[in-house]
Amino acid sequence: MMKNENLIQYIYGIADNALILGQRLSELCGHGPSLETDIAITNMALDLLGQTRSYYQYVAQLSGEGKTEDDIAFLRTERQYKNVLLVEQPNRHFGYVITRQFLFDMFHLLLLQNLQNSKDEMLAAIAKKGIKEVSYHQRFSLDWMKRLGDGTPESHNKVQEAVNDLWKFTDELFHMTEDDRIAFEAGVGVDVASFKTLYLQKVSDILTEATLTVPEIKWFQKGGKQGIHSEHMGYLLADLQYMQRAYPDMKW
Amino acid sequence: MSEKEVKNLERLFEDRIARDEKIEPKDWMPEKYRQTHIRQISQHAHSEIVGMLPEGNWITRAPSLRRKVALLAKVQDEAGHGLYLYSACETLGVSRDELYDQLHTGKAKYSSIFNYPTITWADIGAIGWLVDGAAIINQVPLCSTSYGPYARAMIRVCKEESFHQRQGFEIMMNLAKGSKEQKAMAQDALNRWWWPSLMMLGPTDAESVHTEQSMKWKLKRKTNDELRQQFIDQTVPQAELIGLTIPDSDLKWNEERGSYDFGAIDWDEFWQVVKGHGPCNQERMSARVNAWENGEWVRDAAMAYAEKQEDKKLKKAI
Amino acid sequence: MKKNWPLWEVFVRSKNGLEHRHFGSLHAADAEMALENARDVYTRRNEGVSIWVVESKHITASNPENNGELFEPAQDKVYRHPTFYTLPDEVKHM
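Just so you know, the protein sequences line up as chains A, B and C, in that order. Just so we're aligned: the first sequence equals residues 1 to 252 in the working numbering. Just so we're aligned: the second sequence equals residues 253 to 570 in the working numbering. Just so we're aligned: the third sequence equals residues 571 to 664 in the working numbering.
Simulated from the structure, these hints should not be mistaken for laboratory data. C-beta atoms are modelled at their ideal positions from N, C-alpha and C, and glycine is treated no differently. Keep in mind that the hints are not guaranteed to be accurate.
Unchecked claim - Residues on chain A that point at chain C, a partial pick, calculated with CB under 7 Å:
no.	residue
1	Ile39
2	Ala40
3	Asp47
4	His156
What the hints assert, rightly or not - With the Cβ distance kept under 8 Å, some of the chain A side facing chain C (calculated, not the full set):
no.	residue
5	Glu36
6	Asn43
7	Tyr235
8	Gln241
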C-alpha cells in the first residue's frame, strides 16, 4: 500500500536528478567552448530546472504543510537528496560534461517514456512534457559524444577518460529503492531495472560508433539514491542553499 | 581610385545616410566607417559576453528556483546578444576569432561596469535595474542606426532585453519591502552600482572623442550627457517608489530644467577602471581567456569530426 | 591545428504559411550542429516551426556596384502593374 510519504520519496528520486544536474550545468553558463555551445547547455539546464519545479510543486501540494517548491529545493539536508551519484559529478572538463549528460540522458528518456504511463496523472503529465525536452538533450549529447570520440586524438582520449571515470556510476541508475518498489507496485512508478539491458545496449552502440571503448568493470558505486553522496555534493549544496540558509524565512 | 573619386563616393555615401538609407555589407563604405563600426559593434559584443560573468557568479546561488531560472535565461540571452553582435561585426570582414583575440589581448575594450564585483544577491537586482536600464537607453536609438546588420541585431536585442530590467527591478523591489537585512542589502547594492551606472553612459561630451562623427552615422542619437540625464530622470522616481535612496547628496529636482541636478562624477575612478585597474578586470579577462583556451580541443574535435564525415560522404559518392 | 568553425546563415519559418526568413548567422562545425545551434540560439522564444541553415560561403550574392544594370531597368516597366491600364468607372473590381 503506497502512502503519501512513499510517493514523495519516489518523486525525489526522479526530481533531485533534474535539480542537481541543472545546477551543475548552470555552473557552466558563460564558460563554454563557444557561444553556441554555451547557449545550448544553458537551454538544457533550463529544461531540467523547469522539470524540477513541476515535480517539487507537486510534492509541495502532496505534503500539504504550506510547503513551497523552494523549501523542497533548498531546505533539505544532504542525506535527504535522493539523486544518483552520476549527476553530482563535477564539470572537470567538457568531456565529462558531455559524457555525464549522455549517460544520464539515455537513462532519463527511457525513464520518462515509462513514467508517462503512470497511474498518477500529474507524474504522467510531467513525464510527457519532459520527453520532448529530454529527446533533444539526448540528441545533443549523443552527437557530441561522436564528435569528441571520433574527433582528434586528444578529444578521443579526453572523452574516453570521462567514460572510464563515470562508468562506475551507471549501475546505480537501475537500482530499485524500497520506495521505487512500492511506487511500481502501485502502478505509479517505473521498474527501472527492466530497461537496464536496453540501456546498456544503446549506450554501447553509441560508444562504439564514437570509436570509444565500453569499460569493463565489476565494481560500481552507489549510494545517491539512499542519500549517501560523494564529497562533491556538499559543496554543490553549499552554493545552492547559501541564500536560504543565511537568510531564513524570507521572500525573494 | 583617385582621391577625387573617393571624395565623391564619400559624399554620395554621407548623403545616403542623411536620407536615412541603410548601408548593407557589400555596399561601398569609407574605410573609417568600417573601422568605427568594427570597433563599436565588437566592443558592444564583448560587453555582452564579459557582462555574463558578474551575473553568472550568482546563478548557482540564486535564492529561489524562480529567480534561478530567470537569471539563467537572462545570462543566456546575453550570450545570444553577443552572438548576434559578433555576427553583425563579421559582415564587415572580420572574424569572430579575430575579435576574440582583440578582447583577450586587451586591444579591444568592453563596458567598464563589468569590472565591478557582484558581492551580494542584491547586486543582481541592481545590475538588472540600473545597468540594463542604462544599456537600454543606449541601445534603443541604435535600432535605427545606419548600418543594416547592426540595426537588425539591435532590434532583436532590444526586444529580448525588455524582461531584463524588469527582472532586476523586481528583485530590488522585493528586497526593499522585505526584512531589514534585505532592505539594507538592496540599499548597499544601489550605493555601489549607482555611480558606475552613470559612468557607463560614457565620458562627458567635452571629453568624448567620437560623438560628432557617430552622430552623423547614427551610431549615436543623443550625447552621453543627454543620455545620462535621461537615465537619472527616469531612475530617481523608481528608487523613490520602492523606498531606496540614491547615494547623491547633491541630487535635487530642478523645476526650471525639468530634470534632476546631480553631483560630480568621479571620472578618475572611471579612467582607472578603463585602464585595467578596476576590482575585477583581471578576473573577467582570465575567465574569458580560460573559456576560450579550454574550449580549443573541443572546437578542434568538432571540426575534425566534420571533416571525417565529409570525407566519408565523398568516398561513398565515388 | 587552427581551423575555426565556419559561418552559417539561419532561415526560420515563424509559422506554417509563412516563408523562411533570414534570422541571422552563427558558427558550427557541420550542418547538424548548425541546425541544433540555430534551434538553441534563434528559437528560444518560440520563434519558429522550421529552420534552414546554409553555410555562408555557398551563398552567391549580387554586387551592389551592379545595381544599376541589375535593377534599374525594371523601374520603367510600368505596364507590369495593374494601375497602367484604364478601366471604365462601371467596372469596380478587376
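Original post:
How about A/His156: closest beta carbon in chain C under 7 Å, or not?
Top reply: With a minimum Cβ separation of about 14 Å from chain C (threshold 7 Å), the hint on A/His156 is violated.
Subject >> A/Glu36 as chain C interface residue, shortest Cβ-Cβ below 8 Å >> reply: holds, 4 Å
Original post:
Taking 7 Å as the limit, does the beta-carbon of A/Ile39 come near enough to a beta-carbon in chain C?
Top reply: holds, 5 Å
Subject >> Hint validity - A/Asn43 Cβ closer than 8 Å to any chain C Cβ >> reply: This interface hint holds because 5 Å falls under the 8 Å limit.
Original post:
Was the hint right that A/Tyr235 lines chain C, CB cutoff 8 Å?
Top reply: Because about 29 Å separates A/Tyr235 from the closest Cβ in chain C, which is outside the 8 Å limit, the hint is violated.
**OP:** May I ask you to test the interface hint for A/Asp47 with respect to chain C, counting a Cβ-Cβ separation under 7 Å as satisfied?
**Re:** violated, 11 Å
**OP:** For the hint on A/Ala40, just tell me whether its beta-carbon gets within less than 7 Å of chain C.
**Re:** It holds, given that the least Cβ distance between A/Ala40 and chain C is near 4 Å, below 7 Å.
**OP:** Mind checking the CB of A/Gln241 against every CB in chain C and telling me if the closest is under 8 Å?
**Re:** violated, 29 Å
Going through the hint list in order, the structure does not satisfy hints 3, 4, 7, 8.
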